[in-house]
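Number of protein chains: 2
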Amino acid sequence: MVEDSSVDAAPAHMIAPDEALLLVGERTSPRPIQRVRLEAACGLQLAQDVRTEHDFPSFARAMMDGYAVRVSDAGQTVRVVGEVPAGASSAEVVSEGVCLEIMTGAVCPEGTEAVVPKEVAHREGDLVTLPKNLELGRHIAPPGSECRAGSVVLKRGDTMTPLAVAVVASLGRQEVEVFPRPTAAVITTGAELVSVDSELAPGQIYDSNGPMLVALLDEFRIEDRTYRHVVDQREAILEALEEAAEKDIILLSGGVSAGNYDLVPDCLAEYGATVVFHKVRQKPGKPLLFATKGEQLLFGLPGNPLACHQCFHRYAAAAIRGIQGKTAEPLQSVGVLAGEVVPKSGRTHFVPALAAQEESHWVLSPLPSVSSADIFSTSQANCYIEVPPGKQPFVAGKSLRFTWIGGAPWAN
Amino acid sequence: MVEDSSVDAAPAHMIAPDEALLLVGERTSPRPIQRVRLEAACGLQLAQDVRTEHDFPSFARAMMDGYAVRVSDAGQTVRVVGEVPAGASSAEVVSEGVCLEIMTGAVCPEGTEAVVPKEVAHREGDLVTLPKNLELGRHIAPPGSECRAGSVVLKRGDTMTPLAVAVVASLGRQEVEVFPRPTAAVITTGAELVSVDSELAPGQIYDSNGPMLVALLDEFRIEDRTYRHVVDQREAILEALEEAAEKDIILLSGGVSAGNYDLVPDCLAEYGATVVFHKVRQKPGKPLLFATKGEQLLFGLPGNPLACHQCFHRYAAAAIRGIQGKTAEPLQSVGVLAGEVVPKSGRTHFVPALAAQEESHWVLSPLPSVSSADIFSTSQANCYIEVPPGKQPFVAGKSLRFTWIGGAPWAN
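Just so you know, the sequences run in chain order A and B. The opening position of the first sequence corresponds to residue 1 in our numbering, with each subsequent residue numbered one higher. The opening position of the second sequence corresponds to residue 413 in our numbering, with each subsequent residue numbered one higher.
Treat the hints as calculated values from the structure; they're not laboratory data. Where is the CB? At the ideal position from N, CA and C, for every residue including glycine. Each hint should be verified, as a subset may be incorrect.
Below, computed lysine to aspartate or glutamate pairings styled on EDC-like, alpha-carbon distance capped at 20 Å [said to hold, decoys possible]:
no. : chain 1 : residue 1 : chain 2 : residue 2
1   : B       : K691      : B       : E798
2   : A       : K326      : B       : E631
3   : A       : K293      : A       : E26
4   : B       : K695      : A       : E26
5   : B       : K738      : A       : E219
6   : A       : K279      : B       : E531
7   : B       : K567      : B       : E531
8   : B       : K810      : A       : E358
What the simulated footprint calls covered on chain A by chain B, stretch by stretch (three residues with Cβ under 8 Å from a Cβ of chain B suffice, anywhere in the stretch; the number is not a length) [said to hold, decoys possible]:
no. : segment
9   : 86-94
10  : 171-183
11  : 209-218
Build the full structure now, drawing on both the sequences and the hints.
Printed below as a string of structure tokens:
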């Protein structure tokens, strides 16, 4: 195949993918902190330290179902004079020769030195025979043993995992301060695109980037989002940009290449945005444009659906993470190639692949595709292999970096 | 510390964690297939094959912005007689000495043998000089080159990734058949628990398992869910079970141990559920109970919040995945210990830890915790290390299996 070397080579004005990612990170900052209810905080980063006001537990808590006893009664048969259920306290006192039956979670009554689990005590009527060894404090969580009053139990930047939700709930609080998710607008351009509810005229295709970008935003749980398709006319594009002026992120697709109808760069200038970079030394995704207007971040994604996906995955996702106070860069792994990948001269080649685990390492199977726009062969990819620019193929067995698409295979 | 060997040892009626997981998988089956709109299908498994009705592309498509030419005109200067924008077709014909300007995505006009990218052609007025080498078919995607009419582009069982959404959208379809998510009910029991909007009386604690289980269901995007707390009374528990009779999964917490108020097993029997297993040789989570009633799956999770979390993570999550047509078992990785872990005699010890990547392997840092109920020290854990039963500690450098909590660190 004849290579158009002047197309594949890297003109001076293009920047490297790593530099592009750094520039996106630099222009990204968290939005104002929000106070939200616990159920809305899940998955977000805390914008505050969470401190306890009280010791936890606040009382000496029984850790087993059994008997509250004195250790000097080890090996003895003692009288059970009452029962302490969880959630209640007892006026009865534990003393030599006298114990109380107690439930997990209950307040240890005055005089308790140990809790003897039901399974290791022998009960007959209101008498119980205790084991020969009793250790002071056994199966009792003393006040403050899990957490002292005034301790920081969650730090600013910690993730509100389900366990963190449990921590905050256990303190009796219903709200926390978090870094909120960004809001976003999707604007697809292209005269050849029609929406899925229309009939195709000759030369037309269905808009797949719009539904795909909405699905990608949905993976980040961005609910405040809009989506519209506009024709390749300056007024229509500008109107859509103005309509999205309040969004944190605008994702445009199409209209960023060299064609006569590629109006996005001009429209962004007219909208008042400043181009940070346009064109990146990568395949697919060369035409990518990134601009800002104040704190608003604008991505001019390529119209080629696979390039659009790759650029969202690598750059827009970094911005979304950064706005939420997370590390912007995608977490990279290293895997071993199961098949050959061919680099591009002068451009980083991002190859959709399947990463599978083999004991302690990842095996990367590149997905065969018929073109750099082929979404049919690549829809089940779970990673992009990062193939550095060069001439010689990377053969099976060689190690290369990769980034996971969406979550890892075990993500929910 | 004196060990209560009869408590820590494994009575015969307890089953191993691997056997318990198998039993959950065996009792789990997908629910009836649903036809949903694309935007609701994201992340679900397809219950149908998706076939194309037409070739894709349906026309010879230009892959670059440039000129539609004859290959015999290589090295020649030819006349540009018109322009083909994307989304339109042209009545003009390409012939020797005559070309058409063409945009990416446009229909190649009759007679087109190659598309010459703008960057490698030299244009002056309506004349353009072409490069010396022109390859037949270059930068043209012929009809059906990405996908032939009648091909299966997505298979039953494939995941509806954002790229898969793009595939279905590009076919002009708005709906697909998927395996739906389960519906669920959370019922927390325990007289000592009060909800976060109440004042604590002596011996009471706030219910943290309820909000945590709701957050865990939220990670699986289970929106059809209910949550209520009931006191430790047979009638109250039964009423809550009856109320949840239509749910696919019921998650109870508390009331499954040996205490006098542990009414869950009896209530499940009265409700008509069959216990599959009760008590597992693991720590935390020994009291776990699993029952079924018809297709309904019921988990009696321990009241200890960390045990409740671990049992959801390992068993309830497997059921949720299985109901959605996914692999039930959690994907296991192997990592290298960065610190010592201490096994339990006769029970598998699941230790909350932080897994971090070092090039091609995972380093596991066990989180220090003061008790097996400690959620304060463990809320940022991203995995559970699986420590097999035994007497000797596993030291740093030793490899052990682990499972990710929720998603991996790079999940959205």
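Hint check:
Simply put, K691 (chain B) and E798 (chain B) have alpha-carbon atoms about 18 Å apart, close enough for the 20 Å limit, and the pair holds. Under the criterion of a C-alpha separation no larger than 20 Å, the hint pairing K326 (chain A) with E631 (chain B) is consistent with the structure, at around 18 Å. Using a Cα cut-off of 20 Å, the hinted pair K293 (chain A) and E26 (chain A) holds, with the two alpha carbons roughly 14 Å apart. Note on K695 (chain B) and E26 (chain A): the hinted pairing is violated, with a Cα-Cα distance of about 45 Å set against a maximum of 20 Å.
About 18 Å separates the Cα atoms of K738 (chain B) and E219 (chain A), which keeps this hinted pair within 20 Å; it holds. A C-alpha spacing of about 14 Å is found between K279 (chain A) and E531 (chain B), which places the hinted pair at or below 20 Å, so the restraint holds. Between K567 (chain B) and E531 (chain B) the CA atoms are separated by roughly 40 Å; this puts the pair beyond 20 Å, and the hint is violated. Between the alpha carbons of K810 (chain B) and E358 (chain A) the distance comes to roughly 18 Å, so the proposed pair stays at or under 20 Å and holds.
Remark: the segment 86-94 of chain A is confirmed as covered by chain B, as 4 of its residues place a Cβ nearer than 8 Å to a Cβ of that chain, reaching the required three. A count of 4 residues in the segment 171-183 of chain A with a Cβ less than 8 Å from any Cβ of chain B is obtained; the coverage claim is therefore met, three being the minimum. Note: the segment 209-218 of chain A has 9 residues with beta-carbon separation from chain B under 8 Å; the three-residue rule is met and the coverage holds.
Of the numbered hints listed earlier, those contradicted by the structure are 4 and 7.
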